[in-house]
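Q: Listed below, chain by chain, are the residues.
Protein chains: 2
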Amino acid sequence: MITTTAELLTIGDELLYGQIVDTNAQWMSVALSNAGIKVIRKTTVGDQEEQILIAFAEAESRADIVLVTGGLGPTSDDLTKPCLAKYFGCGLKIHEEALAEVTEFFKSRGRELTDVNRQQAALPECCEKITNKIGTAPGMWFERNGKVFVSMPGVPHEMKLMMTDLIVPRLRQTFKSAIIHHQIVRTIGIGESFLAEKISEWEKSLPPHIKLAYLPGLGEVKLRLTGIGNSLDALKEETKILTRKLTELVGQYIYGYGEEPLEVIVGKLMIEKKITLSIAESCTGGYLSHLITSVPGSSAYFQGSMIPYSYEIKMAQLGVKTETLEKYGAVSEETIREMATLVRGKFNTEIGVATSGIAGPGGATSEKPVGTVWIAYADKNRTVARKLQLSKDRMINIHLASVAVLNLIRLNLLEE
Amino acid sequence: MITTTAELLTIGDELLYGQIVDTNAQWMSVALSNAGIKVIRKTTVGDQEEQILIAFAEAESRADIVLVTGGLGPTSDDLTKPCLAKYFGCGLKIHEEALAEVTEFFKSRGRELTDVNRQQAALPECCEKITNKIGTAPGMWFERNGKVFVSMPGVPHEMKLMMTDLIVPRLRQTFKSAIIHHQIVRTIGIGESFLAEKISEWEKSLPPHIKLAYLPGLGEVKLRLTGIGNSLDALKEETKILTRKLTELVGQYIYGYGEEPLEVIVGKLMIEKKITLSIAESCTGGYLSHLITSVPGSSAYFQGSMIPYSYEIKMAQLGVKTETLEKYGAVSEETIREMATLVRGKFNTEIGVATSGIAGPGGATSEKPVGTVWIAYADKNRTVARKLQLSKDRMINIHLASVAVLNLIRLNLLEE
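These protein sequence lines are chains E and F, in that order. Reminder that position 38 of the first sequence reads as 97 in our numbering, one-by-one numbering, no gaps. Reminder that position 346 of the second sequence reads as 405 in our numbering, one-by-one numbering, no gaps.
Where hints are given, some of them may not hold.
Remember, identical chains collapse to one label, so a pair may be satisfied in a single copy or spanning two.
The calculated lysine-lysine pairs, modelled on DSSO-like cross-linking and capped at a C-alpha distance of 30 Å, are [stated by the list, open to error]:
#: 1; residue 1: 295; residue 2: 439
#: 2; residue 1: 333; residue 2: 451
#: 3; residue 1: 166; residue 2: 446
#: 4; residue 1: 405; residue 2: 439
Everything labelled a hint here was simulated from the structure, so no lab data went into it. Just so we're clear, the structure is a prediction, and the values are computed from it rather than from any experiment.
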C-alpha cells in the first residue's frame, strides 16, 4: 500500500524566538491524518531566503505534499512569495482576480487600498491562486513532477478555512491516499513500564499495519493504536477487537477510549448514578475543585468545597477534632478520614473526598517527606483512605494528588 | 559579533499525528534566546530510524548546537538512544551511575526495578550522562568537531529542569556568545493597543540595539526589552533607565518587573503587610485558590476557602441570606458583597474576597449573559465590588476573573 506523505513547513522568526507557540502545525496534522495523509516531518525556519529555499528542496525530496504557512504578510520581512517564485523559476506578477478580491476586502471595511496592500495580489505566475475568503493574502497551489506545494497564510482561522474548504478535498482527489485510523485507550494508576510488561504478548501479536504508541502524561498513560489500510470499516473492526483484548488484560486501569479527560469521565459517571459530591482539599489547594468545575455542567453533581488550609480552619470550619490533629497531624490517615466524612456530612452530599499532604518544598518532616499525601473517599457505606508517595515538585504533587482522587471516585462508583 | 546557532529536533509520532502540541520547542527557544543563542530551525520527525539519522546529519551540518527531545522512554517505539549511538558510532551500555539513579528513583516510590526500566540506564558509551532529578530517563551530552548534541526527555518538567540547571549554563560556557539582556515589565488592567498608544513616543526613542516586544497574555500584557551588545553592565544600565521612564508613563498598570507572576507579587505584598486572606469562590470553582496556593509558602497568608457552588451551600455553609439570593440572584452586587464579608468573618482573616458569575456555556439569562462576573474585596474598613464582562469561553472566564481578584487585592493593599 502506498502512503501519501506530507511535510509541514512554517516560516517566521517569531516562532524561532519562541514568541508564539505553533498551533497551526498540530491542527494541520490532524486534518491531514484524517484524510489519510501521513505527516512525516514538521520544520520551522526563519525569515531568510537561503534557509527557506533549502527547506523547500529538502521537503520536496522527501514528501509528496509540502504545506507552507506564514511569511505572506505585506511587510518586507515576509519572504515566502519571492522564495516560491525563485524556487519554481517564474516571476511575480499582479494577479487580476486576486487584486479584485483584495480591493473588495478593503472596500468592504471602508479602507483604501495602499501600495503595500496591492502587493498582496502579486503572485508567482506558475501557481494557481487559492482565494482567501477572510483575509488579504491569497493561498497558492503549485504542482511539479507529481508533487504538490501549497502556501497558506499563517493566521490560524484563514489557514483553517482554506484547508477545510479547498486544500484537503483537492489533496484527497489528487492523491488516492491510504486510510489512517486511530484508537486511543486512556489508563491511570499504572506506570508506562509496568503497563508495557503486562501487554507485551498482546503488543507482539499486533499485525504489521497496526502500530502501538505509549503517550505518558502526568499521572496517566495513553495508548494509541494506529492502523493504515484501504478500508476504514475494516480498520475500525480490527482495532475494536484488539482494544477488547487489551481491555481483558488491563481493564482495571482503563478509564476511557477517546478524547475525554478523567474529570469528564468521572463527571458523566456521577450524572449517570445521580451522585452529588463535596470536597475538603488541603494540599491540593483548590486544584481538584478546579478540575471538577472546568467541566461545563458540573454543577449537576458538584455542590461545593472547603479548602481548610490552616489548622484553625480545619478545626473551626470543617470540624476536624483537635485531638486528631494534635495526636496524628494534619497529614495522617485519621485526619483524612475525618475530613472526607465531615465534608460529606456538612455539605449534605452522597460522596465526600479529601486531600491532605506535604506538597513542598516546605513542611516536610523525617517521617513525612515532601510528596507524602493522604487522600480519602467517603460515602454512606464506607470511608476509604490511601497514602501516596509523590514527587519533590509542588505543582506535580498538586496535580497527581488531584488525579488520584478523581480515580478513587471512579473506582468506588464502578464498584457499586 | 559571532552568533551561536542551535537547532531543535523533536522526535515522536504523536507530534506528527497532531495528538499533542509541542510546547517544549517554544520554551526552549526562549531559554536559548535569553542565553544569547539563536535558534535557526525547529524540526519534528517521527519514530523512524532512517528519518532520525537524516535529521541528525542535517542539523549538525547547519548549527553549532543540536538539542534533541523525546523518544527516550523505556518502550520499543523509543528510538532516540539507539539512533544516537549509531550516529556517533559507539555502543549502548548500562551506565552504572545512571542505573544507581534509576534504581533509587523506583525504590523511593516503593516500586521494583523491572528489566524494561533497567534499559533506561543503557546509554551510548560516547556520551556524558546528564542526571534527570525528577524522572527515569537520563539526558545525554555529545561533543564532536566543536559541535554539541544534547538529548533530553520529552516530558516538559524534566526537560525544563535539565535545561535550567545544567544544559543552558554549560552551553553558555562552551560557546562564548554575544550578550543578550532582557527586561520584562508586567502590566495588568490595560489592553495592548491602549498601552501602545500611551508609550508610542517612548518606544520611538529606543536605540537600535534595544528592541521592544509586546507579549499579550490572558488578562495581562508583558513588555519585553531585549538589548544585544558586548557588555552586560552597559545593557543593564540602559534598560534600567528606559524602564524608569516607562514606569513614569504607565506605572499604575505595572505590577512587576521580572519573572514573578501576579500571584507571587500579591503573596509578597501580604507577607510584607502581615495580612491573612480567605476566599469564597463560586464561578471560579477553585482556580483562584489554586493560583494562590501554587506559590510555595502561601500558608503564611492564605487561611482557606469556601467554594459554595450551589445555592444551598451558599446559604447553609457560607451564610448568604436567602432573601438576597432570591431577590438579586447569586450573580449580583448584593450577593458578592455578602460573600466577601461573610468569608472574612467566618475564616477570621484580615481580607476576604469573592467571585460569582456565569462562566458558561450554560446558566445565562438575557440580563446576565455568559461572562458576567462579580468580584469583591472586603477588609475591616471597606467592601469593594466590581462587575466584569468577560468572554464566551468558560476557561478564559475562570482565569480572567481570578486574575482580576488578585489585582483587586493588590490595588487595595497598595492604597493602604
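Q: Next, verify each hint and record whether it holds.
A: Verification of the hints:
With identical chains, the CA atoms of residue 295 and residue 439 are never at most 30 Å apart, being 42 Å at best within one copy and 63 Å at best between copies. In this homomeric assembly, residue 333 and residue 451 come within 30 Å of each other (Cα to Cα) only across copies, at 28 Å, whereas the closest approach inside a single copy is 38 Å. Taking identical chains as interchangeable, the C-alpha atoms of residue 166 and residue 446 lie at most 30 Å apart only when they sit on different chains, with a minimum of 16 Å there against 53 Å within one chain. Proximity of residue 405 to residue 439 under the C-alpha cut-off of 30 Å is found in both arrangements, the shortest distances being 13 Å within a copy and 28 Å between copies.
When each numbered hint is compared with the structure, a violation occurs for hint 1 only.
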